[in-house]
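Residue numbers (the numbering used here), protein chains in the order written: chain G, 83 to 475; chain D, 60 to 390.
Simulated from the structure, these hints should not be mistaken for lab results.
Backbone N, C-alpha and C define an ideal beta-carbon position, used for all residues, glycine too.
Be aware that a few hints might be false.
[What the hints assert, rightly or not] Here are some chain D residues pointing at chain G (derived, C-beta under 10 Å): (1) A240; (2) T296; (3) A325; (4) L381.
[Unchecked claim] Covered stretches of chain D (in silico footprint by chain G; criterion: 3 or more residues with CB under 8 Å from a CB of chain G, positions within the stretch not fixed): (5) 61–71; (6) 274–287; (7) 374–380.
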Amino acid sequence: MDLDLDERTRQFRDEVASWLAANVPDKPMDSFDSAAGFAQHREWEAQLADARLSAVSWPEEFGGRDCSLLEWVIFEEEYYAAGAPLRVNQNGIFMLAPTLFSHGTPEQRRRILPKMARSEEVWAQAWSEPEAGSDIAALRSTATRTDGGWLLSGQKTWSSRAAFADKAFGLFRSDPDSDISPAAHPPRTPPKDRHRGMTYLMFDLHADGVRVRPIEQLDGEPGFAEIFLDNVFVPDADVIGEPGGGWRVAMTTANNERGLSLRSPGRFLAAADRLLELWRRDGDPADTALASRVADAWIGARAYQLYTFGTVTRLADGGELGPESSVNKLFWSRLDVELHETALDVLGAQGELRGEWLDGWLFSLSGPIYGGTDQIQRTTVAERLLGLPRGAR
Amino acid sequence: MRFALSAQHIEFARSINGLLREAGTPAVIRAWAAGEHASGLALWRRLAEVGVTALAVPEQHGGLGADPVDLAVAFETMGYHAMPGPIVESIAVLPALLAPDDALAGRWLPGIADGSSIATVAMAPHVPYALDADVADIRLQVTDSGLAEFTPAAVPLDSVDAARRLYEVMGRRAISRRETAADAAFDHGVLACAAQLLGLGQRLLDDSVEYAKQRNQYGNPIGSYQAIKHLLADVATQLELARPLLHGAAVALAGDAATTSRDVSAAKVACGDAGYLAARTALQVHGAIGYTAEHDLGRWLTKARALRSAWGTPAFHRARVLDALMAERAS
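Just chain G, same shape as in the assembly (with noise of 0.2 Å):
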């Protein structure tokens, strides 16, 4: 058991750092969800992506570098530390881009992953409806064979990125015969028919019949939209997997976004480093109920790295995320949201004031609700990982 980088990453590790030196902006882009910043920002992945470090751990034919998972968590640890612009393409590259490499044709990967490297793709996530929430399941957008693909209608909110990007992907209800959402049927289906009948599909979100109504976040920005889709017409070619089988390709995603990849250790240790640089100069160490919860922040930002590094060994080794997916965003989004509070406490009267600790606490708040809330996470942890018996929902 050991703690020690292998040579061939330690040098990764030290390209990445000094190519981020020389290239990360001095002064901090706008946020990605204005128009300005998000213009920036796709700028940034272009640069990025000329390295071949927007997507490091794809295989080189796509634009990335064959990395190991390890030489990822690296990777986005010195990413982080270097204070290096969050990735407005993270929909794609770390969601859309893991189910094409389990789920999508060649020619999907083909055609879609060079354009996501670069960002000049940027994908938005289209999983929420007005009706199905945290259970996804009760989805009513359809998807309706036509002619050589599909006609998508319905409607689809809180989608991340949608209000500037370019497409999207998520699931929609190819056989109707498959609702069983209350309205359709009486409820006491068997829980088991409700993931039939859903498909997986990719779609222009400039097609005709697609309107995009952005939604304004806390932070007054319009981070996420409410997507309408009447009849917009999708090729066969960008399905997902099989017709009807979207389940079972979303839930890959699902994992990848609570797993290992939406949330890497390297964010919350950059964060942890700034608020201990923020103790340093602004705290008071007579205030020992606060400088309890600067080192709080700093033991959980160190537990979650080190238990990234143990769920790497394992799947270096062939083991498979599972439950624990949900343990990890469970443990990261109480870290996030408890790391921020102590920064805005440390700056005092200051803390009220529009800033970066004040933005990072805002984006907190929305780890424990999006990719399936704290509560959903702690049910499949308890049925998953614990074996309690299922139970109403």
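On the provided structure of chain G, position chain D as indicated by the hints.
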């Protein structure tokens, strides 16, 4: 990097686990608490036979010279079974304490390794009392000026954990003014205590899950209700994220890393919090039956409470973590 227990670690844990499960620690714990040590000492000898007491003793003194990861594995498993006795002091602390003193190490460590000797160690201010000084034949106090042997008080103090028989340090006789490895010994104690807390917490969680599957109310197992599920999921999450800190601290201690104190303190904070949350949650899930003296849950719960403050309080360890981090930034 391979940040996972090896097959040998896992096999070692399994063998200790099997031994302790077979012995049935609840009865041993109750006897120990009443001052009847025979069954506990028999179990101690069994642990010696599989090498547990020899782990940290150097090979030249009859030990295995194993690294702190093995210690962490052994103490988590002993914590899982709430093994009574001065295991931290004898198995983790004393070998580290005597490492720089060949004469004392040669005198005492062979007996520790083979299980014929039992040690207790007091280290004020964090370890003011001597655990189970009545069964220990080696009784040491670490002082500012070195090492002293002592005579314990005639009767133990009352600990919340009745199986922790704590003795005040009375008549003292200095035996060495030479430098001891007090800091390293303390860190070994902290690591072992953290591992015990993690094991206690894991057992409390496992037993609570079992109970929640069996116990029916309103026509269903209580474990099918989200109120119970979510409590237990929080415990599982805290334990799962505390374990890597424990193993990380063991790796640091093994490599004598500059961050060792920081890392063992972080492990103690996380394992203490997780173990204690497990204890509180276990009692809530068990309800009134868990509150009875007859039910074994209380043996685990009271030990979790006691160990949370043993070998440094949570506040002490948080401060130590933060001090270390601030010192790293200053340098």
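**Message:** Checking each numbered hint in turn, tell me which of them this model violates, lowest number first.
**Reply:** 1
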